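Given chain A's structure and the hints, the job is docking chains B and C onto it.
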Amino acid sequence: MMGAYFQNIKNGFTTVFEGMSITFATMFVRKETVQYPEVDITSNKTIAEKYKGSLMGMPDNYRGVLILENGLCTACQICQRTCPIDCIAIENAKCDKTKPTDKDGKPVLNRFTQKEAIKTRALTRFDINIAKCMFCGLCEAACPTGAIHHTKQFEMNRECQEDLVLRFVSDGEKEIAVKRAEEIEAEAEAKKAAKAEKEKEAKEKEEQEKGAEE
Amino acid sequence: MDATLISLGLNPMPAKIISMVIICLIVLIAFVTIGGVLTVVERRISGFMQARLGPNRVGPQGSLQWLADGIKLILKEDLIPDGADRTLFKIAPYFCLIGVFGTMVVFPWGSGVMVADLNVGLFYFISITALVVFGVLMAGWSSNNKWSLLGGMRAAAQIVSYEIPVGMGLLVPILFSGTLSMGGIMAVQGWAPWEWIVFQSPFTVMSFCIFFIGSLAEANRTPFDLPEAESELVSGYCTEYTGFRYAVFFLSEWANLFVLGGLTTAVFLGGGNLPDFLADYTFLSVLVYMAKVSVIIFVVIWLRWTLPRFRIDQLMNLSWKYLLPGAFVAFLGQAIYMLITQHIPAVQTTVAVLMFLVFVFILIRFFIRVRVNMREQQIPVNSPASDVPLT
Amino acid sequence: MTSALKTEYLTINMGPQHPSTHGVIRFILKTDGEIIHECDPDVGYLHRGIEKLAESITWQGFVPYTDRVDYVCAMNSNLAYCMAVEKLMGMDSEIPKRAEYIRVIVSEMNRISSHAVAIGAADMDMGAFTPFIHFLREREHINDLFEMICGARLTYNYICIGGVNADVSPTFLSKTAEFLDHFEPIVEQINRLISYNQIFIKRFADVAIVPPKMAIDYNLVGPNLRGSGVKFDIRKDKPYSIYPEVDFNVPIGTGRAGTLGDCYDRYMVRVEEINESIKIIRQCLKQIPDGETKAIVKSSIKPPKGHIYFRTETPRGDTGYFIVSDGKTSPARLKIRTGSFTGMSIIPEIARGVFIADLVAIIGSLDVVAPELDR
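Listed in order, the protein sequences are those of chains A, B and C.
The opening residue of the first sequence carries number 1 in the working numbering; numbering runs sequentially from there.
The opening residue of the second sequence carries number 1001 in the working numbering; numbering runs sequentially from there.
The opening residue of the third sequence carries number 2001 in the working numbering; numbering runs sequentially from there.
The following block holds chain A by itself, in its conformation from the complex:
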């Protein structure tokens, strides 16, 4: 009983002694604080310029705000279907059959089939609601041409929620695309009509020939 009493006192002093030595030691080791706006954290290289601690900068595959490279997009809507929270909204219209090319002018391959990607529809609307987005990366993984991908951008303070909806297709582009789609439609219509005419003519001709034979 008495032994436990003095043991308590002794333990009290020795453990406090050890604890104090640890907190005191911490005062003299490297601080881990990153003074963020002053230290550029976007990569390991930039963070090392001003920050002497041992934390890393942002990696290249960082999942920040989504961005769309309009030139690569084939308006296939796979990302829209993959997104678990429906933050992507796509509308499209018919367009001329083209092959999207990357910056160097090489044709873009479909990542899954390894065939050249073909664009048959043009975007009239591509909105990403960043307020809803949970940065899961599923759309990036599903995109066949790599048009939609994450950036290192993460500062998204805006004045209102509407500003958080990123619009990648401007009204002008939309108008052009819609106009072109209408033209294509009209052309197709005209073609169809011409074809129908031709067929009709051919039929009539046939019938005439038949009649002549008879």
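Do not take every clue at face value.
[Said to hold, decoys possible] Residues of chain B placed beyond 12 Å of chain C at every Cβ, according to the derived structure: (1) VAL1037; (2) GLU1163; (3) VAL1347.
[Said to hold, decoys possible] Between beta-carbon pairs, the in silico distance windows are: (4) GLU2008/C - ILE9/A: 39 to 45 Å; (5) THR1087/B - THR2007/C: 26 to 32 Å; (6) LEU1064/B - THR2007/C: 49 to 55 Å; (7) GLY1184/B - GLU2008/C: 53 to 59 Å; (8) PHE13/A - VAL1295/B: 15 to 21 Å; (9) TYR5/A - SER2345/C: 38 to 44 Å; (10) ALA188/A - PRO2170/C: 53 to 59 Å; (11) ALA1335/B - LYS52/A: 53 to 59 Å; (12) THR2171/C - TRP1320/B: 55 to 61 Å; (13) GLU2008/C - ALA89/A: 55 to 61 Å; (14) ILE9/A - ILE1364/B: 19 to 25 Å.
Hints were generated in silico from the structure; no laboratory data involved.
Small disclaimer: the values here were computed from a predicted structure and weren't measured.
Ideal placement from N, C-alpha and C gives every residue a C-beta, glycine not left out.
Leaving out everything else, chains B and C in the frame of chain A:
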């Protein structure tokens, strides 16, 4: 100062009053500044102990943070909760303030630098600081909040219990010096560590420990910060306080820290005593005194960021089962020790030097441990050596 | 003689606005002064209906949601769901070996960071703030490593149905090894700072004792169960993934500082599990083979009709996913069974007759995580 005012053509009575008011203001401003600066110091030190930086934006190295905080608190809405006892709620913070600021009267700023060297100085000191408990209890009761009430009750129980070990701990220096006056107690000590009261005998060391632990509890510092235990009682007695009244509570708490350091230094650590050949430089004495106070304050802050908190029953256990018997033993032991050695000063000096050497030995042990722990924390992580180049 | 003085209990509302329940849990306490007479936990403040959400999204689309089920150990949540779906599809043998190793490495790393937070939060509830920050400092390094492989720091969505989303680089492996060498002494150091501290031991020892029988009756799982001295760990007793191939111990409570099954036992089991996890990761880093990291899975899977219950050992214990499939593109019904919920349900029983300060210790030692509790 009143002499100057009288020479300006004022009557003696108003002159006295005006000079008193001016002195009070000076003291108040000095304490407010000290309390404020201590909040920043505490936050910086806690930051360093947790591998972070702490506030460093306002002013050089964050030194003006306390001004920004103060302005913010004063600009906040002053809220009195519905159903609160308005009178008590309003005056409670000032009881705390008076309890702490009242000690200014006998506060020794160095050898011979004090407002009044009362012959019952220590007694006055203990009595006036007990006023704090009234403020805390009033705040807890009047807030009409159950958490506040629990906090106030805890504070009352705690401070009442710890008054006794603190008082008993102080009896040993009083026994040694034979006086209650602050100046007298400082005068019997010398400049050298082995002439301080704390190293006089094993019993004085014991009483110092008991006094220090007890006054931590009285100042509501961790591990005894139960009245405002954040994770248990929200904010304890000051849960419902906002704005200026909260600032007053805050201020008195940190000023109390300074008072704690001052009392400990004066009574146990030789105050602002200087070697004989430097005795004329009062300024130096104040400096030495302040340095010692800073060390004590640092230790208190350091303890706060190292230790967890007691539980209320363990707190009482510590007071009544450990500190109080210890204080009695120290008191009796010191009395007997002084009786035996009163005519052989050589033994007294030897014991004092020995105690000091033990302290130095513990200090060395401590720094060895610090070095070991530093090495452990410095084992590299994310070092450039671990980068595997892409092939 | 009966007391003439009539007294009544003090009813206190602890939470949701309380520093130690921070907006997500609520207790209605009936106390006699500081001693709790009755404690009534109120859950549901963080309920998001994740189980119902699963019925309207695709199988793969639900993986990011499992991150949110328990964001303190998102990797383990991912793993539990993905393994359940793989089992349902009968493709659990097709998972590449390298993917299995990566899965175990990341989930054990996440176990470390989760336990670090649990221990740190328990320390913070006891009034010691420094150990918590020290643990968070180390957790940052784990987050950095995870960010390196999947680009996110908290909700990883890294483990996917069929393997893992991306291969790990050699740099990741070497940095992980370096981190473990750095972290192992730090754990012991923080133990010396807080776990072996006399005040801390006194606060945790002999508080809220859960005997083995009671732990089983209340269906406690994971470290809470092992803290009561019951040696049951899914990784050992119903092994999955590559756990049979690695060597590790299952730490159990032994009454280190007092009685078997007190708060201190539960706390120390977590500390020792960190060391066991370090051991597992070291072995995995040595044994990890080369090869593919993902089996071929269609972009829109339709598991066959049927149901499955699959359990894994997450930091908060036995997490089970019960999934019913009707052969369509989304689950017909999904139920998550979590450890925090049973941990919470034992609180009224063990919190009787303790101090208010002890209730905070109990919550800390049971490691109740609100999002997992409410889903």
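*Can the suggested window of 53 to 59 Å be confirmed for the beta-carbon pair ALA1335/B and LYS52/A?*
About 57 Å separates the Cβ atoms of ALA1335/B and LYS52/A, which means 53 to 59 Å holds.
*Decide, holds or violated, for the assertion that all CB atoms of chain C are farther than 12 Å from the CB of VAL1347/B.*
holds, 35 Å
_Distance restraint evaluation - GLU2008/C, ALA89/A, Cβ atoms, bounds 55 to 61 Å_ = With Cβ atoms ~60 Å apart, the hint holds.
*asked:* Taking the Cβ atom of LEU1064/B and the Cβ atom of THR2007/C, is their distance within the range 49 to 55 Å?
replied: This hint holds: roughly 52 Å between Cβ atoms.
*asked:* Taking 39 to 45 Å as the stated bounds, is the beta-carbon spacing between GLU2008/C and ILE9/A within them?
replied: Holds: the Cβ-Cβ distance is about 41 Å, inside 39 to 45 Å.
_Please check whether ILE9/A and ILE1364/B have a Cβ separation lying inside 19 to 25 Å._
holds, 23 Å
*If you check the beta carbons of TYR5/A and SER2345/C, does the distance land in 38 to 44 Å?*
holds, 39 Å
*Look at the Cβ atoms of PHE13/A and VAL1295/B and judge whether their distance stays inside 15 to 21 Å.*
holds, 19 Å
*Could you say whether the range 26 to 32 Å given as a hint is met by the Cβ separation of THR1087/B and THR2007/C?*
holds, 28 Å
_VAL1037/B and chain C, when compared Cβ to Cβ, separated by more than 12 Å_ = holds, 22 Å
_I want to verify a distance hint. Is the separation of the beta carbons of ALA188/A and PRO2170/C within 53 to 59 Å?_
This hint holds: roughly 55 Å between Cβ atoms.
_Against the range 55 to 61 Å, how does the distance between the Cβ atoms of THR2171/C and TRP1320/B compare: consistent or not?_
The hint (55 to 61 Å, Cβ to Cβ) holds, given that THR2171/C and TRP1320/B are roughly 60 Å apart.
Figure legend: structure checked against the earlier numbered hints; every hint is met.
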